[in-house]
Amino acid sequence: MKHCLIVISCLFAFLNLYAQQPILKKDKWHWGGTEKQDTSAGYTQALRAGNTVYISGTVALTINEDGIINVYKGLEKSLAAFGLTFKNVVKENLYTTDIEAMKTFNYVRKRFYKGDFPAATWVQITRLYMPEAKLEIELIAQFSSKEN
Amino acid sequence: MKHCLIVISCLFAFLNLYAQQPILKKDKWHWGGTEKQDTSAGYTQALRAGNTVYISGTVALTINEDGIINVYKGLEKSLAAFGLTFKNVVKENLYTTDIEAMKTFNYVRKRFYKGDFPAATWVQITRLYMPEAKLEIELIAQFSSKEN
Amino acid sequence: MKHCLIVISCLFAFLNLYAQQPILKKDKWHWGGTEKQDTSAGYTQALRAGNTVYISGTVALTINEDGIINVYKGLEKSLAAFGLTFKNVVKENLYTTDIEAMKTFNYVRKRFYKGDFPAATWVQITRLYMPEAKLEIELIAQFSSKEN
Numbered sequence: 009m010k011h012c013l014i015v016i017s018c019l020f021a022f023l024n025l026y027a028q029q030p031i032l033k034k035d036k037w038h039w040g041g042t043e044k045q046d047t048s049a050g051y052t053q054a055l056r057a058g059n060t061v062y063i064s065g066t067v068a069l070t071i072n073e074d075g076i077i078n079v080y081k082g083l084e085k086s087l088a089a090f091g092l093t094f095k096n097v098v099k100e101n102l103y104t105t106d107i108e109a110m111k112t113f114n115y116v117r118k119r120f121y122k123g124d125f126p127a128a129t130w131v132q133i134t135r136l137y138m139p140e141a142k143l144e145i146e147l148i149a150q151f152s153s154k155e156n
Numbered sequence: 009m010k011h012c013l014i015v016i017s018c019l020f021a022f023l024n025l026y027a028q029q030p031i032l033k034k035d036k037w038h039w040g041g042t043e044k045q046d047t048s049a050g051y052t053q054a055l056r057a058g059n060t061v062y063i064s065g066t067v068a069l070t071i072n073e074d075g076i077i078n079v080y081k082g083l084e085k086s087l088a089a090f091g092l093t094f095k096n097v098v099k100e101n102l103y104t105t106d107i108e109a110m111k112t113f114n115y116v117r118k119r120f121y122k123g124d125f126p127a128a129t130w131v132q133i134t135r136l137y138m139p140e141a142k143l144e145i146e147l148i149a150q151f152s153s154k155e156n
Numbered sequence: 009m010k011h012c013l014i015v016i017s018c019l020f021a022f023l024n025l026y027a028q029q030p031i032l033k034k035d036k037w038h039w040g041g042t043e044k045q046d047t048s049a050g051y052t053q054a055l056r057a058g059n060t061v062y063i064s065g066t067v068a069l070t071i072n073e074d075g076i077i078n079v080y081k082g083l084e085k086s087l088a089a090f091g092l093t094f095k096n097v098v099k100e101n102l103y104t105t106d107i108e109a110m111k112t113f114n115y116v117r118k119r120f121y122k123g124d125f126p127a128a129t130w131v132q133i134t135r136l137y138m139p140e141a142k143l144e145i146e147l148i149a150q151f152s153s154k155e156n
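Protein chains in written order, with the numbering used here: chain A, 9 to 156; chain B, 9 to 156; chain C, 9 to 156.
You may find that some hints are simply not true.
Residues of chain B clear of chain C, computed beta-carbon distances all greater than 12 Å [what the hints assert, rightly or not]:
no.	residue
1	His11
2	Gln29
3	Lys33
4	Thr70
5	Gly75
6	Ile77
7	Leu87
8	Asp106
9	Tyr137
10	Ala149
The following label-pair restraints were derived from C-beta to C-beta distances [as the list claims (entries may be wrong)]:
no.	chain 1	residue 1	chain 2	residue 2	range
11	C	Glu73	B	Gly40	50 to 60 Å
12	C	Glu73	B	Met138	38 to 48 Å
13	C	Pro139	B	Leu69	18 to 28 Å
No lab work stands behind these hints: they were computed from the structure.
Beta carbons: idealized from backbone N, C-alpha and C, even for Gly.
Can you make the complete structure from the sequences, with help from the hints?
Have a look at this one:
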């Protein structure tokens, strides 16, 4: 009887150690189509968990007006998929192979924020996922905790 | 009458599709002055939404004692603007043009954490926003959920 | 009496200004041993605050099957320390000195996600903390808010 209790206690301790947390609810959004992710590269464009939306880097092949407009229209679409706008963006990380060029066209980027800017960090790197990409911007957006 | 109902239903469905989320409450802090952001570069130094504070990359032009002290005093100020300290930092991302130099002066950085370190990632990149910058450090800090 | 009230009011205003927030509860996990952080480099491998876990960059010295398996087994261990799995990963940031090589071995990385991918951004940088490191992957993972 005593042994039985010890065995049961050990079993519970063991189960507790390896207990998995309940499954996290994630909402995903991906470019067009019905798939909510790119199973070839292995990522999803935007993922919501709790009140936070993580948006994967969105790219431009050329750093000019059109390229930057495309990136931000893409980000806008990712946000809109969750009913959000640039007003919900709290953090922006900008990776580019040419910061100087990006500075020249920053006015295009700034338009999308309509005077309400997030925290942001820019770094110049040597290349991006696509060899021809010159700019990649990722965002963190937040839901208001009230409506959740 | 039936048509009217269909039209109203469609309208509601349409409105629902495009419904925006309630406006997110954001608290911003920026270096000196009354402006809470840099409308020229288009960013804010620190932004709180919910329990999280995102602190933009803070830079040093030279990787030496003074440069690193300046960076961390700046970060300390950003945190203090929200009543926080380095104890609230959960993540640090360090971007530098010279990791080897930064390692030499890591003892200066470490002092600010007073033995309580965050998760951290260091990468060496080719340049930062300011052409002469050698070091840029961004943080994520967290409020205790109790006091919110 | 009046003066006394003014002094007290000022004192309160002053105290309020410098009031610190309540101490944040953080759970840390670090590789082996009893120390919950690396006090030499000044970081912790994984840190939980609230519902979020920040996992520091985990490295490979060679970009091949074994190297990538090691990185993801390390990340798996960091997650498991909190009772989490790759299903809880919401964001992945991949830094490498050779994106082309990493693409070749992406199939190894993808296995660990078992078809449920996070938001992700890949950038090629010039070097990592360890001079010989070729790959570093950091994660953000999330607890389901129910069980907290």
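Tested hints:
no. : hint                           : in the structure
1   : His11                          : 44 Å, holds
2   : Gln29                          : 18 Å, holds
3   : Lys33                          : 17 Å, holds
4   : Thr70                          : 19 Å, holds
5   : Gly75                          : 17 Å, holds
6   : Ile77                          : 15 Å, holds
7   : Leu87                          : 10 Å, violated
8   : Asp106                         : 9 Å, violated
9   : Tyr137                         : 16 Å, holds
10  : Ala149                         : 8 Å, violated
11  : Glu73/C x Gly40/B: 50 to 60 Å  : 53 Å, holds
12  : Glu73/C x Met138/B: 38 to 48 Å : 41 Å, holds
13  : Pro139/C x Leu69/B: 18 to 28 Å : 24 Å, holds
Hints 7, 8 and 10 from the earlier list are contradicted by this structure; the remaining hints agree with it.
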